[in-house]
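Colleague: As given, the protein sequences belong to chains A and B, one line each in that order. Start counting the first sequence at 0; every next residue gets the next number (numbering that gives the first Met the number 0). Start counting the second sequence at 0; every next residue gets the next number (numbering that gives the first Met the number 0).
Among the clues, some could well be false.
Okay, the calculated beta carbon distance ranges per label pair [what the hints assert, rightly or not]:
hint, chain 1, residue 1, chain 2, residue 2, range
1, B, 81, A, 123, 21 to 27 Å
2, A, 131, B, 71, 40 to 46 Å
3, A, 85, B, 104, 47 to 53 Å
4, B, 73, A, 29, 22 to 28 Å
5, B, 122, A, 2, 34 to 40 Å
6, B, 67, A, 45, 23 to 29 Å
7, B, 47, A, 48, 40 to 46 Å
8, A, 123, B, 111, 14 to 20 Å
9, A, 94, B, 3, 38 to 44 Å
10, A, 40, B, 42, 37 to 43 Å
11, A, 90, B, 44, 35 to 41 Å
12, A, 123, B, 13, 30 to 36 Å
13, B, 2, A, 85, 23 to 29 Å
14, A, 10, B, 50, 25 to 31 Å
These aren't lab readings, by the way, just hints derived from the structure by calculation. Keep in mind it's a predicted model, so treat the numbers as computed, not measured. Note that CB positions come from ideal geometry on N, CA and C, so glycine has one too.
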Amino acid sequence: MADPRPGEKIASFKVTPDKYLPHRYAGASGDFNPIHIDPEFAKMVGLPGSILHGLYVMGLVAKTAVDSVAPGDPGSLRKLSVQFRGMSFPEQEIEVSGNVTEIDGEQVSIDMVAVQGENQVIRNATAQVKLAGD
Amino acid sequence: MALKTEAVGKSWPSFDYEVGKEKIAEYCRVLGIKDPVHFDRKAANKADFRDVVAPPMFCVVYSAGSLGPAIFDPEVEMNFAAMVHGGQEFEWGVPVCSGDVITTTPKCTEIYEKDGKGFYVFETESVNQEGDSVVRGVWTNIVRGV
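Next up, chain A with everything else stripped away, as it sits in the complex (with noise of 0.2 Å):
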């Protein structure tokens, strides 16, 4: 996105955890809490399953934010705020998608979401990327 100009889509990203993701982001992050990697412990406490960690949800969102505005640029992802809402579960595709909302000298704003089939994961989400090339 050379040249991205509010309203612009920014390019979405898919994936679809597999089985284990949880448990390698519990290892990645240091978050072992058992509604994570443990179905029937989740199950006991009223939830359908083991459920994504919310922040690896906001870990997708913000490569989508760097990928699409300043790929190869980690450093550009200046700041990011998101709302957790529903449950995310492994083995079912999430898409993160977002618009340009303003764009200020090099700094561009995105409102992201990220979503599971219905449900909006992660909503209200504002990237505030800075642009490549200087």
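Starting from the known structure of chain A, arrange chain B on it as the hints suggest.
Modeller: The following block gives chain B in isolation, referenced to the frame of chain A:
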């Protein structure tokens, strides 16, 4: 029931985390992040990073550990069984590279009730070994049925 708000303004001891090259790689593999600046020292140097660089959301790896004492503090009195992570904000400073030692200080900034839910808001400030700010986090936990 009124929420206890004595903990608003309280901070907890700082938490140090030394960033390692393989930990960055592990995090990136899980997220499907493939850019060589996160894996390969030469590629990172070529892009003007002093060592392999962490992707922005790696901040949860080095900063979340600081919040343990805060959220388990009896003065905060948060009911975990009914808690969900409601919102999260990060604002980044200078990039974090392998070898950095990141010091994070947590603070409780707000506790309030809205629509029968308790909102517990914590802020974390993370700085590197030079004292430069690397990330500021705002963590909102929501407890149902307070």
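Colleague: State for each hint whether it applies.
Modeller: Here is what the structure says about each hint:
no. : hint                        : result
1   : 81(B) - 123(A): 21 to 27 Å  : holds (22 Å)
2   : 131(A) - 71(B): 40 to 46 Å  : holds (42 Å)
3   : 85(A) - 104(B): 47 to 53 Å  : violated (32 Å)
4   : 73(B) - 29(A): 22 to 28 Å   : holds (23 Å)
5   : 122(B) - 2(A): 34 to 40 Å   : holds (36 Å)
6   : 67(B) - 45(A): 23 to 29 Å   : holds (25 Å)
7   : 47(B) - 48(A): 40 to 46 Å   : holds (45 Å)
8   : 123(A) - 111(B): 14 to 20 Å : holds (19 Å)
9   : 94(A) - 3(B): 38 to 44 Å    : holds (41 Å)
10  : 40(A) - 42(B): 37 to 43 Å   : holds (41 Å)
11  : 90(A) - 44(B): 35 to 41 Å   : holds (39 Å)
12  : 123(A) - 13(B): 30 to 36 Å  : holds (31 Å)
13  : 2(B) - 85(A): 23 to 29 Å    : holds (26 Å)
14  : 10(A) - 50(B): 25 to 31 Å   : holds (29 Å)
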